[in-house]
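Undergrad: Given the coordinates of chain P, assemble chain R onto it according to the supplied hints.
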Amino acid sequence: MEKKITLPLTEELAKTLKAGDSVYVTGTIYTSRDAGHKRMCEALARGEELPFDPTDATIYYVGPTPAKPGQVIGSAGPTTSGRMDAYAPTMMSVGARGMIGKGARLPEVVDAMKKYSGVYFGAIGGAGALLAKCIKSAELIAYEDLGAEALRKLYVEDMPLVVIIDSEGNNLYEDGKAAYLASKK
Amino acid sequence: MYNYLGMEGKTMREINVSQITDVVEKLCIEANQYLPEDVQCAIKKCRACEDWDIAQGVLDKIITNFEIAEQENVPICQDTGMACVFLEIGQDVHLVGGNLAEAVDEGVRRGYDKGYLRKSVVKDPVRRGNTGDNTPAMLYTEIVPGEQVKITVGPKGFGSENMSAIRMFKPSAGLQGIKDFIIETVETAGPNPCPPMVVGVGIGGTFDKAALLAKKALMRPVDSVNPDPFYADLEVEMLEKINELGIGPQGFGGKTTAIGLNIETLPTHIAGMPCAININCHVTRHKSEVI
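The listed protein sequences correspond, in order, to chains P and R. Heads up, the numbering used here is the position in the first sequence plus 401, with the first residue counted as 1. Heads up, the numbering used here is the position in the second sequence plus 2, with the first residue counted as 1.
Looking at chain P on its own, in the form it has when it is part of the complex:
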């Protein structure tokens, strides 16, 4: 099903999204990947605040290329989400409900998604030039020393995503493949 949604990703909104839905997302999202997640989880372990309010937030696993003069941001497609599996349950436990990336997740992450009504969206891996078009503003908010891995606040308009795993644990990677194979029998 095709849907248009506006962030923040409240629990109510999250529960309306189902694996396989094509979603055009508008609103504020935050970027972080390996090194940024490690730092955020270390900060939480020390009892410190995150550089942004995680309540109903959506995190995009991306390390963009540098912006050319006149560009808001460089190419900005998703990175492999599995490397953030070690940190994702902690992030959800403080309220960050949405994740945008690509690739498989561990059962621990899916369990946390069911517990906190999380949603895992897929962006098209390798489509960095196309996805950058949806990003209307980008602001560096923390961890500048990490370069491409620094934390950025983005405003996106109609970002084309697909719900890969929904808050009930349904998984497009399993269901989509099974449906295709069943159609060939």
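Note that these hints are calculated values from the structure, not bench results. Certain hints may be false.
Stated by the list, open to error - Derived DSSO-like pairs (lysine-lysine); straight-line CA-CA distance at most 27 Å:
1. P:K585 x R:K63
2. R:K218 x R:K46
3. R:K46 x P:K534
4. R:K63 x P:K404
As the list claims (entries may be wrong) - If you want the ones that stay clear, here's a sample from chain R, every Cβ over 12 Å from chain P, calculated:
5. E16
6. A105
7. R112
8. T137
9. I145
10. T154
11. M170
12. S174
13. G176
14. E186
15. P223
16. D225
17. A273
18. M275
Claimed, not checked - Anything over 10 Å on all C-beta distances counts as not near chain P; from chain R, calculated:
19. P38
20. A50
21. Q93
22. K125
23. G206
24. D210
25. L214
26. L268
Glycine included, C-beta positions come from ideal geometry on N, C-alpha and C.
TA: Just chain R, lined up with the frame of chain P:
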């Protein structure tokens, strides 16, 4: 340039390594902005054959993406990779003017800076720390006949690199062992390496040579065919089998799991049959130039 007299009075061609720097700089930028013609054609051909709705939509967006990158001179993908630089150096060439590896790194440094490409290299595999300029390059040199230098830059993303595998088979595992390993590796990779993928297979040699063959297989045009009919047939058969797995573009389901599969081989030891599989994504980049 032909001013050096070799041992037998034969002239040797001198090439200044600064020329190599310039070419590497240019190829780093071009390879990241323009998807090779063979890869573009393969994706479009797969789109025409794809019959699954969600898969068609993904392939359309992938095509739009590489078209935007080409028109606007921006990177196709934000993972602009580790710069894999292959040098085929003619044995009648004398490289002058400095250290070759440093010249290549300087080309990478300039290319990744001027091309607004992402710096994705850490200085230590365990202790990490970004080098800030995407150096060092992964440099592969080969001495070949002639008096030219062929330079190929293949930026390699790690979403797909991480899904690669190598196995040291007993010869008794035979052809079936190789076939099963290819399918197992692609199935395990699943949605992670940004399918549709390109699969590079290296069989034979030693542990390290098999891996190198697999990487070289990815540098071959995706529509090229192994000159040995036995392996040419195997390439076709394995690509068909992979595209029956149902993984599809981005792993959302569909026919197009891989757009190409190349096999490279070498003789090996009586006791072994090494096999390496290097996975690449649909942004399989490589650009060459001859000096």
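Undergrad: Hint by hint, note whether the structure agrees.
TA: Results for each hint:
1. Taking the CA atoms of K585 of chain P and K63 of chain R, the gap is near 25 Å; set against the 27 Å cutoff, the hint holds.
2. A threshold of 27 Å between alpha carbons decides the hint, and for K218 of chain R with K46 of chain R the separation of about 24 Å falls inside it, so the pair holds.
3. Only pairs whose Cα atoms come within 27 Å are accepted, and K46 of chain R paired with K534 of chain P is accepted, the gap being roughly 22 Å.
4. Taking the CA atoms of K63 of chain R and K404 of chain P, the gap is near 18 Å; set against the 27 Å cutoff, the hint holds.
5. Its beta-carbon lying about 37 Å from the closest one in chain P, E16 of chain R satisfies the requirement of being farther than 12 Å from that chain.
6. In this structure A105 of chain R is separated from chain P by more than 12 Å, as the shortest Cβ-Cβ distance comes to about 24 Å.
7. Non-interface call for R112 of chain R relative to chain P: holds, since the shortest CB-CB distance, roughly 14 Å, exceeds 12 Å.
8. Distance check for T137 of chain R against chain P: the nearest CB is about 14 Å away, which clears 12 Å, and the non-interface claim stands.
9. Distance check on I145 of chain R: its Cβ is at least 35 Å (rounded) from any Cβ of chain P, clearing the 12 Å threshold; non-interface status holds.
10. Every beta carbon of chain P lies more than 12 Å from that of T154 of chain R, the smallest distance being close to 21 Å; the non-interface claim holds.
11. The beta carbon of M170 of chain R sits about 26 Å from the closest Cβ of chain P, which is more than 12 Å, so the claim that it is off the interface holds.
12. Consistency note on S174 of chain R: stated as away from chain P, and its beta-carbon is indeed over 12 Å from all of that chain's, at 32 Å minimum.
13. Separation of G176 of chain R from chain P is adequate, the least Cβ-Cβ distance of about 28 Å exceeding the 12 Å criterion.
14. At roughly 16 Å, the least C-beta separation between E186 of chain R and chain P is larger than 12 Å, which holds for a residue marked as non-interface.
15. With 12 Å as the threshold on Cβ separation, the claim that P223 of chain R sits away from chain P holds: the shortest Cβ distance comes to roughly 19 Å.
16. Chain P leaves D225 of chain R outside its interface by the beta-carbon criterion, the shortest separation being 20 Å against a cut-off of 12 Å.
17. The Cβ of A273 of chain R lies farther than 12 Å from every Cβ of chain P, with a closest approach of about 36 Å, so its non-interface assignment holds.
18. At roughly 30 Å from the closest C-beta of chain P, the C-beta of M275 of chain R stays outside 12 Å, upholding its exclusion from the interface.
19. Residue placement check: P38 of chain R keeps its beta carbon more than 10 Å from all beta carbons of chain P (closest about 14 Å).
20. At roughly 18 Å from the closest C-beta of chain P, the C-beta of A50 of chain R stays outside 10 Å, upholding its exclusion from the interface.
21. Remark: the non-interface label on Q93 of chain R is consistent with the geometry, its nearest Cβ contact in chain P lying 38 Å away (cut-off 10 Å).
22. For K125 of chain R, the shortest C-beta to C-beta distance to chain P comes to about 13 Å, beyond the 10 Å cut-off, and the non-interface label holds.
23. Distance to chain P confirms G206 of chain R as a non-interface residue, since its nearest Cβ pair spans about 30 Å, more than 10 Å.
24. Every CB of chain P is more than 10 Å from the CB of D210 of chain R (nearest about 26 Å), matching its label as outside the interface.
25. The beta carbon of L214 of chain R is kept farther than 10 Å from every beta carbon of chain P, the shortest such distance being approximately 24 Å.
26. Distance check on L268 of chain R: its Cβ is at least 31 Å (rounded) from any Cβ of chain P, clearing the 10 Å threshold; non-interface status holds.
Of the numbered hints listed earlier, not one is contradicted by the structure.
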